[in-house]
Amino acid sequence: MITKEEVEHVGWLARIEIHENEAQDYAEKLSAVLEYFSQLDEVNTENVEPTYHVADIVNVFRDDVIRLSLPQEEVLSNTDKKQEGNFLAPRIM
Amino acid sequence: MMVYDNPDGVKIGLEIHVQLNKLNTKLFCACSTDYHNSEPNTHVCPVCLGLPGSLPVLNRRAVEFAMKVGLALNCEIVEQTQFHRKNYYYPDLPKGFQITQYDFPIASNGKVVIDGEDGEHIIRIKRAHMEEDPGKLMHIGSIEKSKGTLINYNRSGMALIEIVTEPDMRSPKEARRFLDKLRSIMEYLDVFDGDLEGAMRVDANISVMGGERVEVKNISSHKGVEKAALYEIMRQKNFVRRGGKVVLETRHFDELRGVTLSMRSKEEEHDYRYFPEPDLVPLRVADKVPEIIKTLPELPDAKRKRFKTQYGMADMHAKALTSDIKVANFYEEVAQLVDPKAAAVWVADILKGELNYRDISVDAFKVEDMAEIIRFVSSGNITERSGVEIIRTILDKGGDPASIVKEKGLVKVEENIVTKAVDETLEENPEALQDYLRGKEKSLNFLVGQVMKKTAGRSDAKTAREMLLDKIKKLSPK
Numbered sequence: 001m002i003t004k005e006e007v008e009h010v011g012w013l014a015r016i017e018i019h020e021n022e023a024q025d026y027a028e029k030l031s032a033v034l035e036y037f038s039q040l041d042e043v044n045t046e047n048v049e050p051t052y053h054v055a056d057i058v059n060v061f062r063d064d065v066i067r068l069s070l071p072q073e074e075v076l077s078n079t080d081k082k083q084e085g086n087f088l089a090p091r092i093m
Numbered sequence: 001m002m003v004y005d006n007p008d009g010v011k012i013g014l015e016i017h018v019q020l021n022k023l024n025t026k027l028f029c030a031c032s033t034d035y036h037n038s039e040p041n042t043h044v045c046p047v048c049l050g051l052p053g054s055l056p057v058l059n060r061r062a063v064e065f066a067m068k069v070g071l072a073l074n075c076e077i078v079e080q081t082q083f084h085r086k087n088y089y090y091p092d093l094p095k096g097f098q099i100t101q102y103d104f105p106i107a108s109n110g111k112v113v114i115d116g117e118d119g120e121h122i123i124r125i126k127r128a129h130m131e132e133d134p135g136k137l138m139h140i141g142s143i144e145k146s147k148g149t150l151i152n153y154n155r156s157g158m159a160l161i162e163i164v165t166e167p168d169m170r171s172p173k174e175a176r177r178f179l180d181k182l183r184s185i186m187e188y189l190d191v192f193d194g195d196l197e198g199a200m201r202v203d204a205n206i207s208v209m210g211g212e213r214v215e216v217k218n219i220s221s222h223k224g225v226e227k228a229a230l231y232e233i234m235r236q237k238n239f240v241r242r243g244g245k246v247v248l249e250t251r252h253f254d255e256l257r258g259v260t261l262s263m264r265s266k267e268e269e270h271d272y273r274y275f276p277e278p279d280l281v282p283l284r285v286a287d288k289v290p291e292i293i294k295t296l297p298e299l300p301d302a303k304r305k306r307f308k309t310q311y312g313m314a315d316m317h318a319k320a321l322t323s324d325i326k327v328a329n330f331y332e333e334v335a336q337l338v339d340p341k342a343a344a345v346w347v348a349d350i351l352k353g354e355l356n357y358r359d360i361s362v363d364a365f366k367v368e369d370m371a372e373i374i375r376f377v378s379s380g381n382i383t384e385r386s387g388v389e390i391i392r393t394i395l396d397k398g399g400d401p402a403s404i405v406k407e408k409g410l411v412k413v414e415e416n417i418v419t420k421a422v423d424e425t426l427e428e429n430p431e432a433l434q435d436y437l438r439g440k441e442k443s444l445n446f447l448v449g450q451v452m453k454k455t456a457g458r459s460d461a462k463t464a465r466e467m468l469l470d471k472i473k474k475l476s477p478k
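Residue numbers (my numbering), protein chains in the order written: chain A, 1 to 93; chain B, 1 to 478.
By construction, these hints were calculated from the structure, which means they are not laboratory data. Values in this document were obtained by computation on a predicted structure and should not be read as measured data. Some hints could be false.
To be verified - Once the Cα atoms are required to be at most 27 Å apart in a straight line, the calculated DSS-like pairs of lysine-lysine come out as: (1) B:136 / A:81; (2) A:82 / B:147; (3) B:95 / A:81; (4) B:136 / A:4; (5) A:29 / B:442; (6) B:442 / B:474.
What the hints assert, rightly or not - Cβ pair distances, simulated, as ranges: (7) A:57 / B:120: 38 to 48 Å; (8) A:12 / B:356: 33 to 43 Å; (9) B:261 / A:12: 23 to 33 Å; (10) A:63 / B:37: 24 to 34 Å; (11) B:278 / A:19: 30 to 40 Å; (12) A:45 / B:286: 18 to 28 Å; (13) A:45 / B:210: 41 to 51 Å; (14) A:50 / B:395: 51 to 61 Å; (15) A:9 / B:248: 15 to 25 Å; (16) A:20 / B:242: 53 to 63 Å; (17) B:284 / A:3: 38 to 48 Å; (18) A:57 / B:396: 55 to 65 Å; (19) A:31 / B:284: 31 to 41 Å; (20) A:43 / B:240: 46 to 56 Å.
As the list claims (entries may be wrong) - Only part of the chain A face toward chain B is listed, based on derived beta-carbon distances under 8 Å: (21) 36; (22) 37; (23) 53; (24) 64; (25) 66; (26) 67; (27) 72; (28) 75; (29) 85; (30) 90; (31) 91.
Glycine included, every Cβ here is placed at the ideal spot set by N, Cα and C.
Okay, chain A solo, but in the shape it has when bound (with noise of 0.2 Å):
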């Protein structure tokens, strides 16, 4: 069971506000949403592997080999705030 302090936390984690009487609302749907997949609780996997990728494959690389990069513009193009080639944020401690 999920409760209101905790779906205010993880909406805090997320940077996602939340109101007051929302809060208890998603609590209550998150709540049954993990119901719902503690079904799979049942299942015994006593001797199975973790699975930590869909696709049965390992080892996936590229070769160490230097392609170009955006240019500073587009780069910078989806915002506003810039200043001598970076971009600009709030203050931050």
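Got chain A; can you put chain B on it based on the hints?
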């Protein structure tokens, strides 16, 4: 043997981020790593900017480098691993998470031997894992009054290896020695250039007298680690003496002021919500270990040992010559050309000092020049002092030994000129001569000085002294 009893119960463990900056490209994208003298945000692409839809692909050579590091630190290499996402919001991280290794670091359970407080001391390596570097933040103005923060993602996505030690260092000096050794090993492996800005960044966990550990972040130099640890040990000791109890906390090292400051920690505990990175497949590399071992170069400890036996030099010289791979290679090339013992003294005791004093690399000096200077001195053409002068001249103004000898007139003066100087000195300083004859040894030094002065320093003190004594003997046979 002397035993260090660590009176304050100091325990220091380090977490070191080392940039594998000898790679051509970043960890998960093909952007160039050569960004240090470039405009901001010119070495970035959709992957290292974290744009939606971009996919990371692992750099094969980065894995080889990481395995080399692990093996050089005497670690075990993991059978299979995968990358995880470490989630946190901070603008240096454009994706909102950092790709790192979590429960299966590529290397673990290693050790490094340092010259500790009481001889050889083992520092255990807990783990070494691969991860990507965040971008770089720059505050406008001072941190207190900052109006905004500038973000440059050129560094974002650089391959890092994070090395975590056990708390086995018992003093700030040992912490620094460990870092020196680590840098030396990394440069031997040719995976790392420590001269580049931000190439090695350190967090230190420090505790005293069985208290809780305090993590000091943001240390960017070897000297900084020693300074931060000294300060922190003093602070904790004073705090305990006044009846305080050290608690777990994170502090920030202010390099300029040489103090550590408590960081107003956020109310939340670290809540990184690690989970496997679905965009990267697992990595199975253990079978490559024998191949990688074959590529490992001779490491500092082995080289130091070999230099002692092969060239018959003192341990002090072997240590000085092997801490930096460039110096070691330089020495061996010189030793091919001239007497290896003389070369050891000249490179370790003289050249290295002059280089350190000027904070420049041995690359600035030619092997042939060093060999020629040693030849000049050992054949008696110039004095040792002149040899040093030639080194200094080359480093400060350039030139080659032969022409500097000529220009400065450094060739040792002919003996008859010294003879003349000796005669004149004795004639001009009868009191000093008398004093010496009456047993005042110091007067002889004065006379030697006078002879050197007359020959403008081009005779060496030893010759001047011998010739003076010879002459005095003839004057007053006792």
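Tested hints:
no.: 1; hint: B:136 / A:81; verdict: holds, 17 Å
no.: 2; hint: A:82 / B:147; verdict: holds, 13 Å
no.: 3; hint: B:95 / A:81; verdict: holds, 18 Å
no.: 4; hint: B:136 / A:4; verdict: violated, 36 Å
no.: 5; hint: A:29 / B:442; verdict: violated, 97 Å
no.: 6; hint: B:442 / B:474; verdict: holds, 20 Å
no.: 7; hint: A:57 / B:120: 38 to 48 Å; verdict: holds, 45 Å
no.: 8; hint: A:12 / B:356: 33 to 43 Å; verdict: violated, 51 Å
no.: 9; hint: B:261 / A:12: 23 to 33 Å; verdict: holds, 25 Å
no.: 10; hint: A:63 / B:37: 24 to 34 Å; verdict: holds, 25 Å
no.: 11; hint: B:278 / A:19: 30 to 40 Å; verdict: holds, 31 Å
no.: 12; hint: A:45 / B:286: 18 to 28 Å; verdict: holds, 25 Å
no.: 13; hint: A:45 / B:210: 41 to 51 Å; verdict: holds, 42 Å
no.: 14; hint: A:50 / B:395: 51 to 61 Å; verdict: holds, 59 Å
no.: 15; hint: A:9 / B:248: 15 to 25 Å; verdict: holds, 21 Å
no.: 16; hint: A:20 / B:242: 53 to 63 Å; verdict: violated, 44 Å
no.: 17; hint: B:284 / A:3: 38 to 48 Å; verdict: holds, 41 Å
no.: 18; hint: A:57 / B:396: 55 to 65 Å; verdict: holds, 59 Å
no.: 19; hint: A:31 / B:284: 31 to 41 Å; verdict: holds, 38 Å
no.: 20; hint: A:43 / B:240: 46 to 56 Å; verdict: holds, 53 Å
no.: 21; hint: 36; verdict: violated, 19 Å
no.: 22; hint: 37; verdict: violated, 15 Å
no.: 23; hint: 53; verdict: holds, 5 Å
no.: 24; hint: 64; verdict: holds, 4 Å
no.: 25; hint: 66; verdict: holds, 5 Å
no.: 26; hint: 67; verdict: holds, 4 Å
no.: 27; hint: 72; verdict: holds, 5 Å
no.: 28; hint: 75; verdict: holds, 5 Å
no.: 29; hint: 85; verdict: holds, 4 Å
no.: 30; hint: 90; verdict: holds, 6 Å
no.: 31; hint: 91; verdict: holds, 5 Å
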